[in-house]
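Quick note, the sequences are listed as chains S and C, same order.
Here the first sequence stands for residues 0 to 326, where the numbers follow numbering that gives the first Met the number 0.
Here the second sequence stands for residues 0 to 249, where the numbers follow numbering that gives the first Met the number 0.
Read the hints as simulated data drawn from the structure, not as lab findings.
Predicted model only: the values in this text are computed from it and were never measured.
Among the clues, some could well be false.
Below are the BS3-like pairs computed for lysine-lysine, each with C-alpha atoms no more than 30 Å apart in a straight line [unchecked claim]:
no.	chain 1	residue 1	chain 2	residue 2
1	S	K107	C	K145
2	C	K114	S	K5
3	C	K126	S	K5
4	C	K166	C	K196
5	S	K5	C	K123
6	C	K126	S	K4
7	S	K4	C	K166
8	S	K4	C	K123
9	C	K114	C	K126
10	S	K5	C	K105
11	C	K114	S	K4
12	C	K123	C	K145
13	C	K105	S	K4
14	S	K109	C	K145
15	C	K62	C	K225
16	C	K120	S	K4
17	C	K145	C	K193
18	C	K145	C	K114
19	C	K105	C	K193
20	C	K114	C	K62
21	S	K5	C	K120
22	C	K127	S	K5
23	C	K145	S	K318
24	C	K105	S	K107
Residue-level listing of the chains:
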Amino acid sequence: MITEKKRQIFIFLIFTAAALSAPILLKGNYLLNVFVFVGINTMLAVALNLLLGYAGQISLGHAAFFGMGAYISGIITARFPVDPFLVMILAALCSGALAFVIGFPILKLKGHYLAMATLGFGIIMYIIFNETVELTGGPSGLSGIPNLHIGSLIFDNDLNNYYLVWTFTLAVMLLSINLSQSRIGRALRAIHDSEVAARVMGVNARILKVQIFTVSAVISAVAGSLYAHIMTFIAPASFGFNFSVELLTMVVVGGLGSIYGSFLGAAILTMLPELLRVFQNFDIVIYGLMLILMTMFMPGGLVSGIWAIAEFVAARIRKRKDDHAQA
Amino acid sequence: MLRLNGITKVFGGLTALEDVSFSVTGESITGVIGPNGAGKTTLFNIVTGLYTQTSGDVYLGGKNISFFNTEALAGLGLVRTFQNVELFGQMTVLENVMVGLHTGSKSGIFSCAFKLPRQIKEEKYIKKMSLEWLEFTGMADHAEMKAGNLPFGKGRLLEISRALAAKPRVILMDEPAAGLNSRETAELALLIRKIRKTGITIVLVEHDMDLVMDICDSIVVLNLGKKLAQGTPREIQENPSVIAAYLGEG
Chain S
0 MITEKKRQIF IFLIFTAAAL SAPILLKGNY LLNVFVFVGI NTMLAVALNL
50 LLGYAGQISL GHAAFFGMGA YISGIITARF PVDPFLVMIL AALCSGALAF
100 VIGFPILKLK GHYLAMATLG FGIIMYIIFN ETVELTGGPS GLSGIPNLHI
150 GSLIFDNDLN NYYLVWTFTL AVMLLSINLS QSRIGRALRA IHDSEVAARV
200 MGVNARILKV QIFTVSAVIS AVAGSLYAHI MTFIAPASFG FNFSVELLTM
250 VVVGGLGSIY GSFLGAAILT MLPELLRVFQ NFDIVIYGLM LILMTMFMPG
300 GLVSGIWAIA EFVAARIRKR KDDHAQA
Chain C
0 MLRLNGITKV FGGLTALEDV SFSVTGESIT GVIGPNGAGK TTLFNIVTGL
50 YTQTSGDVYL GGKNISFFNT EALAGLGLVR TFQNVELFGQ MTVLENVMVG
100 LHTGSKSGIF SCAFKLPRQI KEEKYIKKMS LEWLEFTGMA DHAEMKAGNL
150 PFGKGRLLEI SRALAAKPRV ILMDEPAAGL NSRETAELAL LIRKIRKTGI
200 TIVLVEHDMD LVMDICDSIV VLNLGKKLAQ GTPREIQENP SVIAAYLGEG
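Assemble the whole structure, with the sequences as input and the hints as a guide.
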């Protein structure tokens with residue numbers, strides 16, 4: 000009998016092995032480059048999923064934390080010869096601190112009001128990225144961001160970047176899985192299902208929501224920092240409302256509360272634009288349509304949706320066999 | 000164990016509770032009864048910190064808990080169940096009870112994410128205790144079931160199991176027999192007595208008079224937000240003002 004815990008470890012090991020060996024298959028392929036961004040987006044989707052899928056708190060402004068990480072790293076390392084990894088930590092801490100401070104008033108709100116407040120936050124940050132031209136370069140962007148390096152190993156090609164990003168992504172996934180199966184994860188899901196009952200059982204919903212919002216912001220900022228160093232050029236357009244919606248779509252498509260689902264959602268939404276080039280600027284329409292269709296037909300997301308379909312088909316086949324046997 | 004002193008609650012212009020005082024002795028079963036709108040649930044909401052009283056104080060074991068948050072009260076040993084059964088529907092039965100041990104454990108986000116040795120040990124303890132409580136309430140067979148799929152009666156039992164897992168000194172039960180059939184109600188009566196035997200004080204709001212008269216040591220009668228009477232089931236049954244309130248003055 001395989002226990003649930005062993006099954007979880009097994010799945011994670013398979014996933015890790017697949018992620019680490021993928022570059023061998025994709026050698027020299029431009030898909031390797033795409034998968035670097037799948038990794039970054041997976042981190043972001045997992046971060047948002049902790050908040051949305053577990054604690055049940057929406058954020059329509061998560062691109063702002065991503066942008067904050069990218070800009071803090073970008074601005075400092077483009078001007079001063081400091082260790083980019085140290086700046087990455089600084090970026091994570093700053094974003095976490097900001098999330099902590101705004102989390103207390105914002106997370107008191109529920110449902111639509113929380114959506115509006117986070118939306119407002121995202122817009123404010125976007126305007127800051129756009130308008131503080133001396134710092135961020137404004138709409139024309141910030142260039143000259145150095146690549147990351149460890150000693151003489153410079154992360155300036157797809158293969159190195161792939162391993163760099165996926166080391167972070169796998170770590171974030173593992174830590175999130177651990178968290179989701181702990182007392183904190185249960186408390187978050189309890190808040191999601193019935194906040195009043197959770198509070199009666201001693202779960203400090205207010206503090207816990209702020210904590211997970213902060214963690215989510217920290218992960219997003221690290222992803223932003225990686226993004227800045229890999230692109231070496233960043234512009235506000237990458238951190239606007241559209242990207243927040245894209246992140247939300249990744250989480251919903253993959254499945255609320257599913258860490259692997261977040262990867263699937265991130266992979267699909269990262270590769271989709273490549274396939275949907277013909278639609279050009281209508282991508283946001285496609286995302287909206289996906290959100291609607293998913294919530295209507297697969298509210299549990301793709302992972303559990305596919306599972307449900309597989310079970311349905313299996314039951315059908317079994318029934319047909321039984322019918323045959325009887326006939 | 001639990002003492003209410005002059006609790007008054009005014010909603011806008013409506014006085015829901017007026018100067019209600021009574022005390023509950025340790026390891027007893029106390030029933031709070033009264034016609035609809037008497038203020039029973041409001042009283043529970045005040046004691047558990049979901050509402051704040053206009054005036055008056057609540058004491059738990061001699062400590063004034065009037066202005067404690069709901070979440071802090073669980074840690075002090077005061078928990079409740081709900082009239083409409085508030086379960087964590089997307090979680091399994093076992094996980095529901097495990098949330099009950101939230102106050103009995105303390106690993107933070109960091110140690111949970113990194114699975115520090117202390118957290119792994121704590122997790123094992125949480126699981127073991129939760130299974131024991133499911134065994135206690137006879138719910139162990141349903142441990143892996145999704146709580147949202149439980150029939151109503153079982154949901155009640157789960158809610159009680161979860162409350163017990165918090166190691167309370169006092170449990171407040173809001174209409175524990177509502178929606179139960181007669182067999183389930185009889186089982187509930189047995190369970191409540193069994194809980195009391197473990198040294199836990201029980202306060203319940205209930206409309207099922209047979210149950211209340213059967214299991215309660217002491218009964219508090221509320222009517223129109225005021226305390227009408229307090230006494231043993233026999234005293235209450237013979238109290239003329241209680242009879243008048245329930246049957247209408249003749």
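We went through each hint and held it up to the structure:
1. K107/S / K145/C: holds (29 Å)
2. K114/C / K5/S: Holds, at about 15 Å.
3. K126/C / K5/S: holds (16 Å)
4. K166/C / K196/C: Holds. K166/C to K196/C sits at ~14 Å (cutoff 30 Å).
5. K5/S / K123/C: Distance of about 15 Å is within 30 Å: holds.
6. K126/C / K4/S: holds (13 Å)
7. K4/S / K166/C: holds (27 Å)
8. K4/S / K123/C: Measuring from Cα to Cα gives roughly 12 Å; hence the hint holds.
9. K114/C / K126/C: Measuring from Cα to Cα gives roughly 16 Å; hence the hint holds.
10. K5/S / K105/C: holds (25 Å)
11. K114/C / K4/S: holds (13 Å)
12. K123/C / K145/C: Holds - the C-alpha atoms of K145/C and K123/C are around 21 Å apart, at most 30 Å.
13. K105/C / K4/S: Since the Cα atoms of K105/C and K4/S sit roughly 22 Å apart, the hinted pair holds (cutoff 30 Å).
14. K109/S / K145/C: holds (26 Å)
15. K62/C / K225/C: Within the cut-off at roughly 24 Å; holds.
16. K120/C / K4/S: The given pair, whose Cα atoms are some 15 Å apart, holds under the 30 Å limit.
17. K145/C / K193/C: holds (26 Å)
18. K145/C / K114/C: holds (26 Å)
19. K105/C / K193/C: holds (29 Å)
20. K114/C / K62/C: violated (37 Å)
21. K5/S / K120/C: holds (17 Å)
22. K127/C / K5/S: holds (18 Å)
23. K145/C / K318/S: It holds: about 26 Å lies between the C-alpha atoms, which stays within 30 Å.
24. K105/C / K107/S: OK: K105/C and K107/S at ~24 Å, within 30 Å.
Against the hints set out earlier in the document, a violation occurs for number 20 only.
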